[in-house]
Amino acid sequence: MDTFSTLIQVLDSTLRLATPLLLACLAGLFSERSGIFDIGLEAKMLVSAFFSAAFAYTTGSVWIGLMAGVAASIVFAGIHGIASITFRGNQLISGVALNFLASGMTVLIAQSWFHQGGRTPSLMGGARFEGVELPFAIGPTEAAETGRPLNQLIAEAGPLQQLYSELISGHSVLVYIALLAVPATWWVLYRTRFGLRLRAVGENPAAVDTAGISVVGLRYSSMIIVGVLCGLAGAYLATGLQAGFVKDMTAGRGYIALAALIFAKWRPWHALGACLLFGLLQALALRTDVVEAFFPFKMPVQLLDSMPYILTVVILAGFVGKAIPPRAGGQPYVKER
Amino acid sequence: MGDQAPAIELRGISKAFGPVQANKDISLSVAKGAIHGIIGENGAGKSTLMSILYGFYKADRGEILINGQETQIPDSQAAIAAGIGMVFQHFKLVENFTVLENVVLGAEEGALLRTTMSNARRHLTEIAEEYEMDVDPDAVIEEIGVGMQQRVEILKSLYREAEILILDEPTGVLTPAEADHLFRILRGLRDEGKTIILITHKLREIMDVTDTVSVMRRGEMTATVKTAETSPEALAELMVGRKVLLRVDKKPAQPGRTVLKVDNLKVVDDDKVERLKGISLEVRAGEILGIAGVSGNGQSELLRVLGGIERATGQVEINGQQIDLTGRHSDGRSRRERGIAHVPEDRQRAGLIMDFAAWENIVFGYQWDPAYNNGWLMDNAGIREETEGKMERFDVRPPHAHLEAKSFSGGNQQKLVLAREIERNPDLLLVGQPTRGVDIGAIEFIHQQIVDLRDAGKAILLVSVELDEIMGLSDRIAVMFDGKIMGERLPGETNEGELGLLMAGVTNGGSA
Chain U
0 MDTFSTLIQV
10 LDSTLRLATP
20 LLLACLAGLF
30 SERSGIFDIG
40 LEAKMLVSAF
50 FSAAFAYTTG
60 SVWIGLMAGV
70 AASIVFAGIH
80 GIASITFRGN
90 QLISGVALNF
100 LASGMTVLIA
110 QSWFHQGGRT
120 PSLMGGARFE
130 GVELPFAIGP
140 TEAAETGRPL
150 NQLIAEAGPL
160 QQLYSELISG
170 HSVLVYIALL
180 AVPATWWVLY
190 RTRFGLRLRA
200 VGENPAAVDT
210 AGISVVGLRY
220 SSMIIVGVLC
230 GLAGAYLATG
240 LQAGFVKDMT
250 AGRGYIALAA
260 LIFAKWRPWH
270 ALGACLLFGL
280 LQALALRTDV
290 VEAFFPFKMP
300 VQLLDSMPYI
310 LTVVILAGFV
320 GKAIPPRAGG
330 QPYVKER
Chain Z
0 MGDQAPAIEL
10 RGISKAFGPV
20 QANKDISLSV
30 AKGAIHGIIG
40 ENGAGKSTLM
50 SILYGFYKAD
60 RGEILINGQE
70 TQIPDSQAAI
80 AAGIGMVFQH
90 FKLVENFTVL
100 ENVVLGAEEG
110 ALLRTTMSNA
120 RRHLTEIAEE
130 YEMDVDPDAV
140 IEEIGVGMQQ
150 RVEILKSLYR
160 EAEILILDEP
170 TGVLTPAEAD
180 HLFRILRGLR
190 DEGKTIILIT
200 HKLREIMDVT
210 DTVSVMRRGE
220 MTATVKTAET
230 SPEALAELMV
240 GRKVLLRVDK
250 KPAQPGRTVL
260 KVDNLKVVDD
270 DKVERLKGIS
280 LEVRAGEILG
290 IAGVSGNGQS
300 ELLRVLGGIE
310 RATGQVEING
320 QQIDLTGRHS
330 DGRSRRERGI
340 AHVPEDRQRA
350 GLIMDFAAWE
360 NIVFGYQWDP
370 AYNNGWLMDN
380 AGIREETEGK
390 MERFDVRPPH
400 AHLEAKSFSG
410 GNQQKLVLAR
420 EIERNPDLLL
430 VGQPTRGVDI
440 GAIEFIHQQI
450 VDLRDAGKAI
460 LLVSVELDEI
470 MGLSDRIAVM
480 FDGKIMGERL
490 PGETNEGELG
500 LLMAGVTNGG
510 SA
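Going down the list, the sequences are from chains U and Z. Just so you know, we're using numbering that gives the first Met the number 0 here: the first sequence kicks off at 0 and counts up by one. Just so you know, we're using numbering that gives the first Met the number 0 here: the second sequence kicks off at 0 and counts up by one.
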């Protein structure tokens, strides 16, 4: 296989693998910018993955599945909000508790509902997100019209068309939503009143409070956004990237997203970069043959898997400038005087 | 002004927190276009009253009238709508936002920022020009000085079209020159018809800038008088409820041998910023050297280095013997063994453990002393007994050794720390902000203890941001600015104006 198409395949898989990371990372960004640490991104993705797969299977509609997943994720975000905003509990403990709850609960419900060893049945047809074929791209439609295999058609096309058809076109709609969420997040954060207040409440809630704005209200709104974004991430995992829910299928993506958030220093465009980088590492871990073509030795998959964390530690140690989290992060707001 | 309704009228305001009656049946009337001072000791209920006015607390009883209209103020939003602006003692600014962003926060015109920002920029420049408050709208808060930050707080209120401005202890963080600037701004605002309430515990400010003044004591409003018709002494008496000595009564110093000699002391912090830039000074037995300066100019580092908590380079001699500034033997204990006692600036964080009892706190720093131990066990009964004695001699109220440190008032906490350090009979006492957050009555006692120690032939290094305290207690005054000593003066031969210039880093060779 020639290098160019291998490269495109790796990048294509990078984009797919980066999507759930990116959605979760932006969720974390909204949460931490509002002053709430959220180690429970994992939990929200997991419940969304399960409920989206379960509902998509039962109803046969991936969109109903998506709504169910997002709803479940919002409920979990709401629980985190009640624990850490209303009752001013420890945000880390609440997040960890929710992670355990999600991990056990999803398997338990899956088992009693589908009796398939804690997984949902495989999703097919309308119960999965299909690739969206962008205009002028070579996709399944062309293949059907000409009666020739798709990969042959693509291989015959020019490099630009190959790049466009394989890398840009043909992804699930959630991939494009995730990519659009980056400029949207930037715009909300820096160009709207809500964004100004959100950034303020994560830095100094007292300033927001004395300005006559509800700290609690702002933080709950950010929790809802977190719920939606994590819900999309989880639904993509179960109904886009894979075809069904399996136990602990998020596989630490919530933590990698948090690492990406630190790596990005809590900024939206940097989050895109960080998630693509971490997505590339995950893609390479699946294609060790490519890695070994570049390195003269056998690259352990575990090393690639741990790279996001290693890079984050490097960032936190201050080698690449200072990573300053929002100042009020993790502290419940108590009105003084 | 006579027939106009008062800007603020409070009628019978009461507020209790559990069993504590913070405000008792308070009535107050502030005329439009006046600067009204509210003075009282810590815990007298000033801040509670203002928090009620700003919607942070709801009064249990009573009514608030703004411009003659009865007004409900359930939250800050309502206070702002009623034309009330508040400048808190601790600024409520978002540190990494620009001035402009801080000003518009909460008062945006619409959901999108673009028009808000451009209109606000124009409006802000107009207000700033009108009241002579030059600020750069694009400056980031954490990069501008406290005086400027305070102006941003005032601009925030004016941008919201406040007619009534409440300032809570506004000069605590300012140099005398900055405070004068603030007072000029306040007078300008008053002349434009704004009403200003100034909460402070500094009598001098009340006398300088207010038109009328109310005195609060133990939750009650004890008097409201015209400033021109009263005196600091009369106000102090109203605050405390008895006659108070405002000036420290002390004999001339009789300095003896040199106890502390500091030469070229330098400290570089974790961010590689030089906090002390070559400090040299001497303190002799039987004298008080006062270090004046706005907080954050290296005084804290100086105290910590001498107290053994922070490392430094340079030379420090105590009683003619060099002490180790960098090595393994540079810690609080080794300093105490050499006769240096340390009353830290922040008594609640460095001076006491708030959850521990008084008798436990009274041995901290000296717990290794054989006198407090029976072999390898602590002599708790003995310590408790000794604590009762110390508490009695230092007038700590209530004198119960088993009470946790946090259950004492600020003044009594400070007396506990002083009792611990002074009764060790040190050669040198390092004392930082001895009366910060301490009532006037206790201030008198604490000052007397420090002077008594001096008269007993001990050396004292006093660090304070209160210029009155420095002027009153010191035998010599050194002024620190930006990690350096700007100059030394004798209290009898200088004045606040000259010290204020030194504190701001201005050295004018010509001025004496």
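Treat the hints with care, as some may be off.
As the list claims (entries may be wrong) - In silico DSS-like links for lysine-lysine, alpha-carbon gap of 27 Å or less:
{"#": "1", "chain 1": "Z", "residue 1": "Lys91", "chain 2": "Z", "residue 2": "Lys242"}
{"#": "2", "chain 1": "U", "residue 1": "Lys321", "chain 2": "U", "residue 2": "Lys264"}
{"#": "3", "chain 1": "Z", "residue 1": "Lys483", "chain 2": "Z", "residue 2": "Lys276"}
{"#": "4", "chain 1": "Z", "residue 1": "Lys249", "chain 2": "Z", "residue 2": "Lys225"}
{"#": "5", "chain 1": "Z", "residue 1": "Lys91", "chain 2": "U", "residue 2": "Lys264"}
{"#": "6", "chain 1": "Z", "residue 1": "Lys249", "chain 2": "Z", "residue 2": "Lys260"}
{"#": "7", "chain 1": "Z", "residue 1": "Lys91", "chain 2": "Z", "residue 2": "Lys57"}
{"#": "8", "chain 1": "Z", "residue 1": "Lys23", "chain 2": "Z", "residue 2": "Lys225"}
{"#": "9", "chain 1": "Z", "residue 1": "Lys23", "chain 2": "U", "residue 2": "Lys334"}
{"#": "10", "chain 1": "U", "residue 1": "Lys321", "chain 2": "Z", "residue 2": "Lys271"}
{"#": "11", "chain 1": "Z", "residue 1": "Lys276", "chain 2": "Z", "residue 2": "Lys265"}
{"#": "12", "chain 1": "Z", "residue 1": "Lys242", "chain 2": "Z", "residue 2": "Lys23"}
{"#": "13", "chain 1": "Z", "residue 1": "Lys276", "chain 2": "U", "residue 2": "Lys334"}
{"#": "14", "chain 1": "Z", "residue 1": "Lys250", "chain 2": "Z", "residue 2": "Lys265"}
{"#": "15", "chain 1": "Z", "residue 1": "Lys483", "chain 2": "Z", "residue 2": "Lys260"}
{"#": "16", "chain 1": "Z", "residue 1": "Lys201", "chain 2": "Z", "residue 2": "Lys265"}
{"#": "17", "chain 1": "Z", "residue 1": "Lys405", "chain 2": "Z", "residue 2": "Lys201"}
{"#": "18", "chain 1": "Z", "residue 1": "Lys23", "chain 2": "Z", "residue 2": "Lys276"}
{"#": "19", "chain 1": "U", "residue 1": "Lys321", "chain 2": "Z", "residue 2": "Lys91"}
{"#": "20", "chain 1": "U", "residue 1": "Lys334", "chain 2": "Z", "residue 2": "Lys405"}
{"#": "21", "chain 1": "Z", "residue 1": "Lys265", "chain 2": "Z", "residue 2": "Lys31"}
{"#": "22", "chain 1": "U", "residue 1": "Lys264", "chain 2": "Z", "residue 2": "Lys271"}
{"#": "23", "chain 1": "Z", "residue 1": "Lys23", "chain 2": "Z", "residue 2": "Lys265"}
{"#": "24", "chain 1": "U", "residue 1": "Lys334", "chain 2": "Z", "residue 2": "Lys271"}
Don't read these hints as lab results, they were simulated from the structure.
What hint numbers does the structure not satisfy?
-> Numbers 1, 4, 13, 14, 16, 18, 21, 23 and 24 - these are the hints that the structure violates, sorted from lowest upward.
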